[in-house]
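2 protein chains.
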Amino acid sequence: MCVCVCVYIYRERDKRGTRCIGKFIVEASAKFGHPTFALVRESTLSDPAKANIAKGFKSLGVNLVHGDINDPGTLLNVIRQVVVISTVEISPEDQYKIIAAITIVGNIKRFLPSVFGNHADRVHAVEPARIFYAAYYTDILRLLEEQGIPYTYVSCNFLAGWHHTTLAQPGATAPSRDKVVILGDGNAKVVFNREDDIGIYTMKAMNDPRTLNKILYIRPPANTYSMNDLVSLWERKISKTLERVYIPEEQVLKKIRDARSPDDLMWAIYHSIFVKGDQTNFEIEPSFGVEASELYPNVKYSTMDEYLDQFV
Amino acid sequence: MCVCVCVYIYRERDKRGTRCIGKFIVEASAKFGHPTFALVRESTLSDPAKANIAKGFKSLGVNLVHGDINDPGTLLNVIRQVVVISTVEISPEDQYKIIAAITIVGNIKRFLPSVFGNHADRVHAVEPARIFYAAYYTDILRLLEEQGIPYTYVSCNFLAGWHHTTLAQPGATAPSRDKVVILGDGNAKVVFNREDDIGIYTMKAMNDPRTLNKILYIRPPANTYSMNDLVSLWERKISKTLERVYIPEEQVLKKIRDARSPDDLMWAIYHSIFVKGDQTNFEIEPSFGVEASELYPNVKYSTMDEYLDQFV
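Just so you know, the sequences run in chain order W and S. Sequential numbering from 1 applies to the first sequence in the working numbering. Sequential numbering from 1001 applies to the second sequence in the working numbering.
Any given hint could be a false lead.
Claimed, not checked - Calculated cross-link-like contacts (lysine to aspartate or glutamate; reagent style DMTMM-like; alpha-carbon spacing at most 20 angstroms):
| id | chain 1 | residue 1 | chain 2 | residue 2 |
| --- | --- | --- | --- | --- |
| 1 | W | Lys-58 | S | Asp-1196 |
| 2 | W | Lys-97 | S | Asp-1071 |
| 3 | S | Lys-1097 | W | Asp-208 |
| 4 | W | Lys-31 | S | Asp-1196 |
| 5 | S | Lys-1058 | W | Asp-196 |
| 6 | S | Lys-1237 | S | Asp-1309 |
| 7 | W | Lys-97 | S | Asp-1068 |
| 8 | S | Lys-1097 | W | Asp-71 |
| 9 | S | Lys-1055 | W | Asp-196 |
| 10 | S | Lys-1031 | W | Asp-71 |
| 11 | W | Lys-31 | S | Asp-1258 |
| 12 | W | Lys-300 | W | Asp-196 |
| 13 | W | Lys-55 | S | Asp-1196 |
| 14 | S | Lys-1204 | S | Glu-1294 |
| 15 | W | Lys-254 | W | Asp-71 |
| 16 | S | Lys-1031 | W | Asp-208 |
| 17 | W | Lys-50 | W | Asp-68 |
No lab work stands behind these hints, which were simulated from the structure alone. Treat the numbers as computed from the prediction; the structure is a model and nothing was measured.
So that you can see chain W by itself, here it is in the shape it has in the complex (with noise of 0.2 angstroms):
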């Protein structure tokens, strides 16, 4: 299996329905079953014998990219085709050995980095927290500007699957109906996003020129809540007053300093975002970064407010 990027060029012969070699070479792809893009010419369509060969294409799933080889940047970028995505959170070693691949391999079109989680720059975390992401994401996203690899970084926050069912109470599998531990104050903002709204956000996002070389962070308004009124909206839903235990920050830091590998890292991540609201307390400014809800503001995301009705 492999992309077929064939340089198509419509040639009169075509017309007569004899046999240049072209049409032959772009069909034969696509019926082999490998993802197949054909540069052809914008003037292509406008004849009906060219469009007729067009149309055959598109009905084999064949991607017209329309261009001309004169052109640089089409030639560029209808070679230019593969975008890697890392997606799992993997070791910052797994990652250096992706970024090793795509260097030997070239100027790949873009590079989603496996960073979708809470973004590391502009976090004010305590070790072992500190170090954990400067490792993972801020050293990566540096090498990735260093070595001019086109990327986008996506940031998008906690993941509803594994957050929201729980009202973010380590260790429990479904929101609590008597009592909630929150860490801090309960007012810092932490943001929940559906699993499948990410992927459709990172899929617009991969080819935008707009995200080139930025952060996109996914910050839905609907879904960015502080923890008070969370476990508000949950008590709403359910009719029943919640116990809340807070655990001041003096305490969340003890238990960082108490705990051992890896629960202090945990520790050390919650406090970074529910005590010391990092996932909402900057601004995104156009220099670094994007917002997914802002950029794509057809894209109906699931609100918490939804997701939680399914527990009632």
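Dock chain S against chain W, hints included.
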């Protein structure tokens, strides 16, 4: 439209039906219609829960690439997906534009330059064919070698639809029923291939390590005929004897000298093929080439014999 290469590593949380983002990104990519490749570990298939995710990916049309992030080979291969095929007999200048773009984009998987034709390095052509072959084929091949661009050079010889139908008579639109003009003594062997067979062989070859930096000669035994034998085949089919008009080499050379451009080039190419036998008068050495019908014996290519039946 992009090609998405996702480095997806199954995590235990996936098993619990919960929400690791990798799976969602892979699914979103396929649902958006992007050709999607996912690197998954070999071990994924032995575990039922993992196999289930792999099955889900497959049903969405995701191309699973088995490998490991620790194996640089698979990682490079999964990123290096793009094969560029230049399918038209375009000018050398246009070929150079494509090669320049490939050089900028970097290390693509394979380039198949637009040399679907006669093999240039071993022809005994007179001018203006000699310089034509050098500019269109030989110089481009040398440039690819110099630049280290992985290539396969498809030498498909004559196109069936263009030459079968006319018994290689310039200007004819159907096989003659009275007279044929034969250049030289008619004993040089020439090769005729159907366009769709060329497409199939090209697809087989483009990702085959045996064709890397080699010339793929499409020279199936059943389609290799001298003009004398070809005319005899046609005569048997129509049960009629044709008048054979032989043009000796000296007269062909005079035609080349006297003709105006581009007819002089056409006659010089015909001289190389029909008089000198340049399609077949050399052995295909493993150092530079492979023969398609030997390499892919399972391809049932169309024969000249069958092909001519439609005109009887």
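Provide an ascending list of the numbers of those earlier hints which the structure does not satisfy. When the structure is compared with the hints, numbers 3, 10, 11 and 15 turn out to be violated.
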